[in-house]
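In order, the protein sequence lines correspond to chains R and X.
Just so you know, we're using numbering that gives the first Met the number 0 here: the first sequence kicks off at 0 and counts up by one.
Just so you know, we're using numbering that gives the first Met the number 0 here: the second sequence kicks off at 0 and counts up by one.
Bear in mind the hints are in silico, worked out from the structure with no lab data behind them.
As the structure is a computational prediction, the values presented were derived from the model and not from experiment.
Treat the hints with care, since some could be wrong.
Because identical chains share one entry, a pair is satisfied inside a single copy or across any pair of copies.
[Unchecked claim] Using 30 Å as the maximum straight-line C-alpha spacing, the simulated DSSO-like pairs for lysine-lysine come out as follows:
1) LYS125 to LYS356
2) LYS262 to LYS204
3) LYS23 to LYS356
4) LYS24 to LYS368
5) LYS24 to LYS394
6) LYS4 to LYS245
7) LYS356 to LYS24
8) LYS368 to LYS394
9) LYS24 to LYS99
10) LYS185 to LYS293
11) LYS360 to LYS27
12) LYS347 to LYS24
13) LYS255 to LYS63
14) LYS394 to LYS298
15) LYS360 to LYS123
16) LYS27 to LYS291
17) LYS298 to LYS347
18) LYS205 to LYS245
19) LYS123 to LYS347
20) LYS362 to LYS24
21) LYS362 to LYS23
22) LYS185 to LYS338
23) LYS204 to LYS123
2 protein chains.
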Amino acid sequence: MIIVKGGVTAPEGFLASGLRAGIKKSAKLDLALLYSEVPAVAAGAFTTNRFQASPVRISRTHLKNKTHQAVIVNSGNANCANGMAGDRAAWEMACSAAAKMGLSGREVLVASTGIIGVPLPLAKIKAKVTDLVGGLSARGAGDFAESILTTDTVRKEFAVKFKMARSIVSIGGACKGAGMIHPDMKTEKHATMLAFITTDAAISKKVLEAALEEAIADSFNMVSVDGDMSTNDSCFILANGLAGNKKIEKRNGDYKKFTDGLKFLAGELARMLARDGEGATKFVEIQVAGAKTKEDAGKVARKISTSNLLKCAIFGADPNWGRIVASAGAAGVEFDPGKVDVLLGGVKALSNGAIAKNYDKEKARPFFKGKDVTIRVDLKSGDASARAWTCDFSKEYVAINSEYST
Amino acid sequence: MIIVKGGVTAPEGFLASGLRAGIKKSAKLDLALLYSEVPAVAAGAFTTNRFQASPVRISRTHLKNKTHQAVIVNSGNANCANGMAGDRAAWEMACSAAAKMGLSGREVLVASTGIIGVPLPLAKIKAKVTDLVGGLSARGAGDFAESILTTDTVRKEFAVKFKMARSIVSIGGACKGAGMIHPDMKTEKHATMLAFITTDAAISKKVLEAALEEAIADSFNMVSVDGDMSTNDSCFILANGLAGNKKIEKRNGDYKKFTDGLKFLAGELARMLARDGEGATKFVEIQVAGAKTKEDAGKVARKISTSNLLKCAIFGADPNWGRIVASAGAAGVEFDPGKVDVLLGGVKALSNGAIAKNYDKEKARPFFKGKDVTIRVDLKSGDASARAWTCDFSKEYVAINSEYST
Numbered sequence: 000m001i002i003v004k005g006g007v008t009a010p011e012g013f014l015a016s017g018l019r020a021g022i023k024k025s026a027k028l029d030l031a032l033l034y035s036e037v038p039a040v041a042a043g044a045f046t047t048n049r050f051q052a053s054p055v056r057i058s059r060t061h062l063k064n065k066t067h068q069a070v071i072v073n074s075g076n077a078n079c080a081n082g083m084a085g086d087r088a089a090w091e092m093a094c095s096a097a098a099k100m101g102l103s104g105r106e107v108l109v110a111s112t113g114i115i116g117v118p119l120p121l122a123k124i125k126a127k128v129t130d131l132v133g134g135l136s137a138r139g140a141g142d143f144a145e146s147i148l149t150t151d152t153v154r155k156e157f158a159v160k161f162k163m164a165r166s167i168v169s170i171g172g173a174c175k176g177a178g179m180i181h182p183d184m185k186t187e188k189h190a191t192m193l194a195f196i197t198t199d200a201a202i203s204k205k206v207l208e209a210a211l212e213e214a215i216a217d218s219f220n221m222v223s224v225d226g227d228m229s230t231n232d233s234c235f236i237l238a239n240g241l242a243g244n245k246k247i248e249k250r251n252g253d254y255k256k257f258t259d260g261l262k263f264l265a266g267e268l269a270r271m272l273a274r275d276g277e278g279a280t281k282f283v284e285i286q287v288a289g290a291k292t293k294e295d296a297g298k299v300a301r302k303i304s305t306s307n308l309l310k311c312a313i314f315g316a317d318p319n320w321g322r323i324v325a326s327a328g329a330a331g332v333e334f335d336p337g338k339v340d341v342l343l344g345g346v347k348a349l350s351n352g353a354i355a356k357n358y359d360k361e362k363a364r365p366f367f368k369g370k371d372v373t374i375r376v377d378l379k380s381g382d383a384s385a386r387a388w389t390c391d392f393s394k395e396y397v398a399i400n401s402e403y404s405t
Numbered sequence: 000m001i002i003v004k005g006g007v008t009a010p011e012g013f014l015a016s017g018l019r020a021g022i023k024k025s026a027k028l029d030l031a032l033l034y035s036e037v038p039a040v041a042a043g044a045f046t047t048n049r050f051q052a053s054p055v056r057i058s059r060t061h062l063k064n065k066t067h068q069a070v071i072v073n074s075g076n077a078n079c080a081n082g083m084a085g086d087r088a089a090w091e092m093a094c095s096a097a098a099k100m101g102l103s104g105r106e107v108l109v110a111s112t113g114i115i116g117v118p119l120p121l122a123k124i125k126a127k128v129t130d131l132v133g134g135l136s137a138r139g140a141g142d143f144a145e146s147i148l149t150t151d152t153v154r155k156e157f158a159v160k161f162k163m164a165r166s167i168v169s170i171g172g173a174c175k176g177a178g179m180i181h182p183d184m185k186t187e188k189h190a191t192m193l194a195f196i197t198t199d200a201a202i203s204k205k206v207l208e209a210a211l212e213e214a215i216a217d218s219f220n221m222v223s224v225d226g227d228m229s230t231n232d233s234c235f236i237l238a239n240g241l242a243g244n245k246k247i248e249k250r251n252g253d254y255k256k257f258t259d260g261l262k263f264l265a266g267e268l269a270r271m272l273a274r275d276g277e278g279a280t281k282f283v284e285i286q287v288a289g290a291k292t293k294e295d296a297g298k299v300a301r302k303i304s305t306s307n308l309l310k311c312a313i314f315g316a317d318p319n320w321g322r323i324v325a326s327a328g329a330a331g332v333e334f335d336p337g338k339v340d341v342l343l344g345g346v347k348a349l350s351n352g353a354i355a356k357n358y359d360k361e362k363a364r365p366f367f368k369g370k371d372v373t374i375r376v377d378l379k380s381g382d383a384s385a386r387a388w389t390c391d392f393s394k395e396y397v398a399i400n401s402e403y404s405t
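One chain only, chain R, in its complex shape (with noise of 0.2 Å):
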């Protein structure tokens, strides 16, 4: 697997574009488009929200349509909570950019970020589509991947190429979101993080649709920056088939090739989440090996990596350890107190359950001074692991999320 450049159009046969249509109060690129030139194959997961934005709620049922072309997306307005008018206007947005294409609307997908509650400016987004068909472009991924960012500061693109059999197949993608990111999305036809990838692979849609399953799980879904789920997380991958490989039907050698191409891609994705939450300065892997299931590992990844006072402790360069205790002990799973490691860095802090011999604190703050934070937690309870992602907490969050809307 050897990583290439071009985001969402590194595959074959795929198209973006990304412009300003003043969604966004600022002069920043706010509506993009994604476009394959063959109908392809495409899978879902969204958010487990109960409040599920209108674009979710379209692109749910657009997604039981056989085949799919583009995916069209604005930032600026996460056309949330604006009842069935939203609804609406979701509809309207995939339709309105379908008919240049020649498409129908449930050729479609739509997605949207911003703030919740205020009406989607339909009108400004319908001027703008003619502009967005005509812009689609092999060289529009950069473009694509800027329109889609919200208080990101970074764009966010990943692409891999790999070979299966005599074919190459790539895999492209892009995402964004740096707050209101804790993300628990299903392919179960139900982040706002939103994440687009495109791979020339040809798969059948169900089996596409577990191979996303499977890369989200260890990726988008163990990234939090704030521990909020929004209302509008929503992860695409459309496959058009244009590699030539032989179809992957089911789950074979073929399969697991190209699962394991999406979840390095969805990994790399999902930490550049992390990487640019919102205030960050520090990118925060949290460590969990020897749990009893690896949803227990998961758990209690998770749990630490939600916690306020560490994720400020780091921010302080301080490692103030007892917080990842305490938030571990907090995760609901069952494990033996007694038994638990914790490294900061190359630095044993905890051994069975008690401070470290030895242990010295300024041994360990080099570790939380550096842009990378590894932090590994031992339950030797059992063999499962997982790892979770973050960043610190820094007053900038909060200056950042304290004059959002106004």
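Let chain R serve as the given structure and place chain X on it in line with the hints.
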């Protein structure tokens, strides 16, 4: 029922003291003692964290004793994750106080709050036990309430008095806690919030436990400052019977009267915790109505009360109610999002799941600018309701918690 002064020494026969033992680096008081002149029955509720601090383990054991006469408390050190040495230190702390008062160790309960993973400075405590016992006084409630504080900015005391047949019963209390506040305590022999409640009511130990369980459910267990559950949360109640009322031995009218008083006091103390949360500039009450069950109502209220995004918005006086909706939907509770109403102070923002007609953010803003912010969510799916309390999330919170242990 009338509100009276005197805190933990308001009920008959209770004495208290507090002094500086040098556990804290600052010159603040850090060691406290509560004493009943006659044997009292006691009940306790403790953190459900898998990691339990040594004083929690020791107090749970000591509570098996039939009667108790004292509680010794230190601040500045949590005596948690200190292994067997920590358990021994907590036990010695209780025993050294017991010896000076002519009690057995098991008649003394113990609590600690402060940093995790630093050995308890037992020698400093032992050196001050004589002064602590000598200082016991019916006017010592203030020193007691002061000595148990950590990052708290104010003492938290309350007391009530009410008639029960021909007797006058009093209940007094003190509590502490400003950070790592998201208690979920159970009396089933399992915050760092600490609460100490005294009463001169005559009541059996078993019934006292039931009363405490009822009282904490709607008070301490509904407060969250930062969503971080502590390893040390403890709530103790001592009942010495000196009011001379007919002993409450079952859940009768007197039990109801006593429990009402206890609930009122616990609610007042709990709200003091939220009001004095680390970095707090505002007090926030979340009211949830129309849930199918009380548990559902509590889950939704508690989930909203832990939204970092909402709490930042409240800090910035930004009526960003989309964040309320997103949190409610993430609580894992079944309800119809299309029915939900949200009120910000007196202004309806969401009506039947969509923006209320005539909603004007500028009308809501004054409610968010005040010191007390009330948010009401009506799920309109049932008759159950709950309240949760929190505070806003300020830059000061981050400052406090990035510089805590160093």
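Quick rundown of the hints versus the structure:
no.: 1; hint: LYS125 to LYS356; in the structure: between (66 Å within a copy, 25 Å between copies)
no.: 2; hint: LYS262 to LYS204; in the structure: within (17 Å within a copy, 57 Å between copies)
no.: 3; hint: LYS23 to LYS356; in the structure: between (55 Å within a copy, 23 Å between copies)
no.: 4; hint: LYS24 to LYS368; in the structure: between (36 Å within a copy, 24 Å between copies)
no.: 5; hint: LYS24 to LYS394; in the structure: both (24 Å within a copy, 26 Å between copies)
no.: 6; hint: LYS4 to LYS245; in the structure: within (25 Å within a copy, 82 Å between copies)
no.: 7; hint: LYS356 to LYS24; in the structure: between (56 Å within a copy, 24 Å between copies)
no.: 8; hint: LYS368 to LYS394; in the structure: both (17 Å within a copy, 20 Å between copies)
no.: 9; hint: LYS24 to LYS99; in the structure: within (26 Å within a copy, 70 Å between copies)
no.: 10; hint: LYS185 to LYS293; in the structure: both (17 Å within a copy, 28 Å between copies)
no.: 11; hint: LYS360 to LYS27; in the structure: between (44 Å within a copy, 25 Å between copies)
no.: 12; hint: LYS347 to LYS24; in the structure: between (49 Å within a copy, 26 Å between copies)
no.: 13; hint: LYS255 to LYS63; in the structure: within (25 Å within a copy, 57 Å between copies)
no.: 14; hint: LYS394 to LYS298; in the structure: both (27 Å within a copy, 28 Å between copies)
no.: 15; hint: LYS360 to LYS123; in the structure: between (56 Å within a copy, 23 Å between copies)
no.: 16; hint: LYS27 to LYS291; in the structure: neither (47 Å within a copy, 44 Å between copies)
no.: 17; hint: LYS298 to LYS347; in the structure: within (22 Å within a copy, 37 Å between copies)
no.: 18; hint: LYS205 to LYS245; in the structure: within (16 Å within a copy, 71 Å between copies)
no.: 19; hint: LYS123 to LYS347; in the structure: between (56 Å within a copy, 28 Å between copies)
no.: 20; hint: LYS362 to LYS24; in the structure: between (47 Å within a copy, 22 Å between copies)
no.: 21; hint: LYS362 to LYS23; in the structure: between (46 Å within a copy, 23 Å between copies)
no.: 22; hint: LYS185 to LYS338; in the structure: between (34 Å within a copy, 24 Å between copies)
no.: 23; hint: LYS204 to LYS123; in the structure: neither (34 Å within a copy, 69 Å between copies)
The structure fails to meet hints 16, 23 from the earlier list, while all remaining hints are met.
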